[in-house]
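Chemist: The primary structure of each chain is shown beneath.
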Amino acid sequence: MKPASFDYYAARTLEEASRILADAGRDGRVLAGGQSLVPMLNFRIVNPAIVVDINRIDVLDRLEVGTDSLTVGALVRHADLLCNTHVREGWPLLAEATAQVAHPAIRNRGTVCGSVAHNDPAAEHPSVLVTLDGTVVICGPAGRRELKAEQFFTGMLSNALEPGEMVVELRYPRPPAGTGAAFVEFARRLGDFAIAGAAATLTMRDGRCERARLTIVGMGDGPFRARAAEDVLTGRRLGVNKDGREAFAEVAAHVVTAVEPTDDVHASSAYRRHLAGVMTVRALETALARAGGH
Amino acid sequence: MSDARFVNLRAVGTSVLPDEAIPLVEGEGRFLNDIRLPGMYHIAFLRSPHAHARLRAIDATKARELSGVVEVLTGKDLLGKVEPFRSMPNRFSGGESTQHWLAVDKVRFCGEAICAVVAEDRATAEDAVELIEVDYEPLPAVTDPRLGERDDAPLVHDTCPNNYLIKREYERGDVAGAFKAAHLTVKRQFRIGRKQALCLESRGCVAAYRESTFTLMLWMSHQLPYVVRHYVAEHLRLPENEVRVIAPHTGGGFGQKASIYPEEFVCAYLALRLRRPVKWVEDRLENMVASTHARDQFIDVELAVDRDGCITALSSDVWVDVGAYSTYLWSAGMEPLQTAGLMPGPYKVPALRYRTRGVATNKTPVGPYRAVGRPSASASLELLLDEVARRLEIDPAELRQRNLIPPEAMPYRNANNLVHDNVNYLPCLKLATAKADYARLRAEQRELLANGHLVNGKLRGIGISCYAELTGLGTTTAVGPGTLLQPGRDAVTLRLETSGVLTVAAALPSQGQRIITAMRQVAADELGIRLEDISCLTNDTATAPYGFGTFASRTAVFGSGAVIQAARELRHRILALGAFLLEVPAEDLTIVNSVVQTIDRSKTLPLREMTKKSYFSAKDIPPELNPGFEVTSFYDPKFGSFAGGAHIAVVDIDPQTGEVKIVRYVAAEDVGTVINPAVVEGQIIGGIAQGIGEALLEEILYDDAGQPRTVSLADYLVPSALEIPRIELYHANTPSGALGGFKGCGEGSIIGAVAAVACAVADALSRRGGDIHEFPATPERVLTGLGVLPAEA
Amino acid sequence: MAREQRISVTVNGKAYEKTVPVRLSLADFIREHLHLTGTHLGCEHGVCGACTIQMNGRSARSCLTLAVQADGADIVTIEGLRSADGTRHPMQQAFHEHFALQCGYCTPGMLITAIELLRNNPEPNEQEVREALSGNLCRCTGYQAIVDAVLAVARQQRPVEG
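Chains as they are written, first to last, in this note's numbering: chain A, 1 to 294; chain C, 1 to 793; chain V, 1 to 162.
Just chain A, same shape as in the assembly (with noise of 0.2 angstroms):
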């Protein structure tokens, strides 16, 4: 399982790789972690003609915790997050979701803004930075640009940039006094693709729900940001008793509804479709018992 050529170039500054990019159009790719790329350089599913590593760039290799938000960088880790206790503290969403991806040998080495340029539907930090709102930045030929998460995931495997274009970082805003927070999977095996999960924040004051937010990981073309589900949640008195309890079962119920999971190896859609149920209630309670704590 050799890779076909390719011409390989390491970037030294975020300019060179622009316009090495731009320059090959859709025949070239990014390499930061390659704990997704190389896999498909190895199986022959890519062939690109040009691999532009750059994880000589210093200016990317950049974990910024603000008062108001955290930026990451693109050759940040995803053990960087992890053994960062500001993470832990400020965006405990995030560290959840980073502790259940993959394994230590790739987590010491794949990129959280690779996973999100990726956007593999069962991935965790697609769904995460949709969660917190986050901002994906861009660069490229005609220069920089934002868009907010649910702009970047335009569908399975794809996303907004442009040939030429390269995520340099991301942007997760701090969440809200009162909010609690919970990532739940369910995959086959510890670390396996989740087949279906949930991202989910909920912020509460004197037991209302100000704010909800609910992405389903797994469905097929990305995350999912169950709207309808929010929109049933914000406002509501909820409590680890039984308002909660209807609350959720009423939002899993529009999630199993509006849910469009596909077919695989590993899960039917049906099965699927289930679980985005069974996730969402997890998620939600966890989450709500976890505002308790504030």
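No lab work stands behind these hints, which were simulated from the structure alone.
Quick caveat, the model's predicted, so the values are computed rather than measured.
Please note that the accuracy of each hint is not assured.
Unchecked claim - Some chain A residues flagged as far from chain V (calculated, every beta-carbon gap over 12 angstroms):
(1) L14
(2) A22
(3) V232
(4) R237
(5) G292
Said to hold, decoys possible - Some chain C residues well away from chain V (every beta-carbon gap over 10 angstroms; in silico):
(6) D158
(7) R568
(8) D588
(9) K661
(10) N733
Said to hold, decoys possible - Residues from chain C that face chain V, not an exhaustive set, calculated with beta carbons under 10 angstroms:
(11) S15
(12) R122
(13) L200
The beta carbon of each residue, even a glycine, is placed where N, CA and C say it ideally should be.
With chain A held as given, fit chains C and V onto it using these hints.
Modeler: Relative to chain A, chains C and V alone:
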């Protein structure tokens, strides 16, 4: 000869640390892909993307022109030069399948090899493969054995009507009468999915021309070096004594590396033709389609019992999807004949009937994999027994106790014509239930009734299985049922070297079973030679005498038995010469810690001094006392040695996701005389892990066009450390009738595990009136069994 | 733009300068160019873990890393676990004593992963050990002996209470 046994530390029965593991733990193993020879070329194969197609034309021009490419070989190039594989003769053959090493006019499964590209490196060879243009005419594919046997089905082989590669009907005892008179009959249909051994190291071969004095030298990741040598010589029309086969360190075998495959033979042919060494390493994508698959059965089974729940008859109809070719060496008969024929297991079955078929389909051929048909067969019978237990309201362990062949009934001839003797089925069950505190487990499970059967929100299930495993088969029992291949005799050579150290040689290569260590231990005890003075050669036809190889749980029985036999003669020679040199009667002598000595130690002679005299001062010794210290002995245990055991699995099932977690696992085994307890424990736990994988995770899937859907390790899921619980292991050993009382232990535990876990899942579902008949018990199938998801059309 | 590149890499404490094809994996570089065949290839898509080495102090799949990405890196493989005087690493010794390997094919990756676990978590419980090793597949042992070996090393390395 002295009766006094050895006063040095007894090696057999001790967990001697295996010196043979040291290179492996230090990263200095020599696996197939580690071998490098000067001028070596690399091979990649073009493989069929179609399940069934006529090959109209192959154009390899562009491939040949690629820089670094040496040669592209097609099936037509081999016609008339080599013998294709015709299915092995089998008494129960349906029709004959012929497998060309490289497809000639037809491809019959996705992944079948069509061309071999030889290049300077593997990457270039793969580049060239992509440049080969093939004109295919796709044909309809057979993908279901029950459809494939119909008269209107397309034929995979024109010589095999109804696509039968194997079929057999068998009846013993009054089956119809038993069913008529039965107090209760239960009938089920089970579907066991396709598996593969998934060795961490896939296959591979290095073939070299005129390496040392051999015309052809082969390194092969393989379990049976002598068998390979025989067939390579035959198919390439070479004298066998000009061929040498070596099995280097091998990363798992499990039966997958015990078949004869085309790729390695193509390598051998190319090495001879090009007069250069060639290497082929099977990558994982290839391995998923090119190495034999296993299981893949449809089992219709019916059980008749009396009012005590005792079996009066067992009847089954079995279809096995055996893939596109009758695998070379074992034939397509392995799974079908074993699944049906060995289903009775350790239970008294007075009347048995079965009809079994191996139906050819356009999929990867099915070959032997750890325990072959028995895990699926055992799971089916055990699930039926649990149903009997439910219907008759008898505890499942009690029901098994009533049905197991007890020691006092042995020797016991079962309806499948196997004679059970020297095996502790019942003591193992009693030990397992005692250690698991089985009564309390059931009591706890009953108490959950009030809570909707849930403990911590999970459904609790308990499964029990008992297994019989016939190991170390001698010449009276066929390894592959109906095959004319009779691997019942193996040789060991013992040789005292000039410096008094001992070499043991037997063609029983290890894939981690520590056969070298085991034979050293046996030899140490039999001869009184220190363990550190003994080395063992096992993997090379040039240095080991004939042995069939490592397969079918036979090495402990054969290796040890032959060592014991040879050691008797060698010891006799040592003591005879010792008597002469020490001037005492031989009866007064023994050997302790590599020293020949009188029992009272008044006279001693280190072996190294004896051998020095024997080799270098022979003129001082009467010739009749110096026949040489090399003894080769063939050993045939004649019969097989039954191993047995009882496994208990406790599972918790999440009724919302269908996830199955094994929360407790107890196994009680009878593996005969144990040579190295830690090695045995490793074999048993390893087998249980594979069984858990079979029961819950592993499945190879194809679509209706015969395209494989599980193509990588992201699709085919083997258990990780999180899926395997801590195994509580106990022993109720009793010696076999073989020399030394040894038994094999490589395959029994996988049988027990598949059945125990399957039963545990079914038991949990039955608490809610649910059921499962298709395995692996994926979460989706579990939810379908619970009625949470609708059953598929 | 290149199809070949010169790289400088330190492996097991020794510095190398080699010209490599850009599509060559780090695994193949270590095995074929440096002749350190202790690192094994089981899948070439990052799942089995047999190829796991240490790169700049962290475990990594050498099958998913291009050799050219290791330019300037510090690599440790199974062959580098021994100390200078040839003594086995305690984890290697424990694997041997606990029969934590059978065919030995997964062992190189298991050792690297286990060593990293104890560095990050010196007193793991059994569940944590199993979780850390869950990305290294073994088909022979059923994992129990491996887990026992890792727990034994953790116990050995526990600081002695005063």
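Chemist: Next step is simple, just say for each hint if it's right about the structure.
Modeler: Going down the list of hints, with the structure as the test:
1. Chain V leaves L14 of chain A outside its interface by the beta-carbon criterion, the shortest separation being 18 angstroms against a cut-off of 12 angstroms.
2. For A22 of chain A, the condition that its CB be more than 12 angstroms from all CB atoms of chain V holds, with the nearest at approximately 14 angstroms.
3. Look at V232 of chain A: its CB is around 35 angstroms from the nearest CB on chain V, clear of 12 angstroms, so calling it non-interface holds up.
4. A cut-off of 12 angstroms between C-beta atoms confirms that R237 of chain A is not in contact with chain V; the least separation is 38 angstroms.
5. Distance check on G292 of chain A: its Cβ is at least 27 angstroms (rounded) from any Cβ of chain V, clearing the 12 angstroms threshold; non-interface status holds.
6. For D158 of chain C, the non-interface assignment is confirmed: its Cβ lies about 38 angstroms from the closest Cβ of chain V, beyond the 10 angstroms cut-off.
7. The beta carbon of R568 of chain C is kept farther than 10 angstroms from every beta carbon of chain V, the shortest such distance being approximately 31 angstroms.
8. Here D588 of chain C stays apart from chain V, with its beta-carbon at least about 40 angstroms from theirs, past the 10 angstroms limit.
9. Here K661 of chain C stays apart from chain V, with its beta-carbon at least about 12 angstroms from theirs, past the 10 angstroms limit.
10. Against the 10 angstroms criterion, N733 of chain C stays outside the reach of chain V, whose nearest CB is about 19 angstroms from its own CB.
11. Hint status for S15 of chain C: holds, given a least beta-carbon distance of 7 angstroms to chain V, under 10 angstroms.
12. A cut of 10 angstroms between beta carbons decides the hint on R122 of chain C: the least distance to chain V is about 9 angstroms, and the hint holds.
13. Given hint, L200 of chain C at the interface with chain V, holds; its Cβ is 4 angstroms from that chain's nearest Cβ, closer than 10 angstroms.
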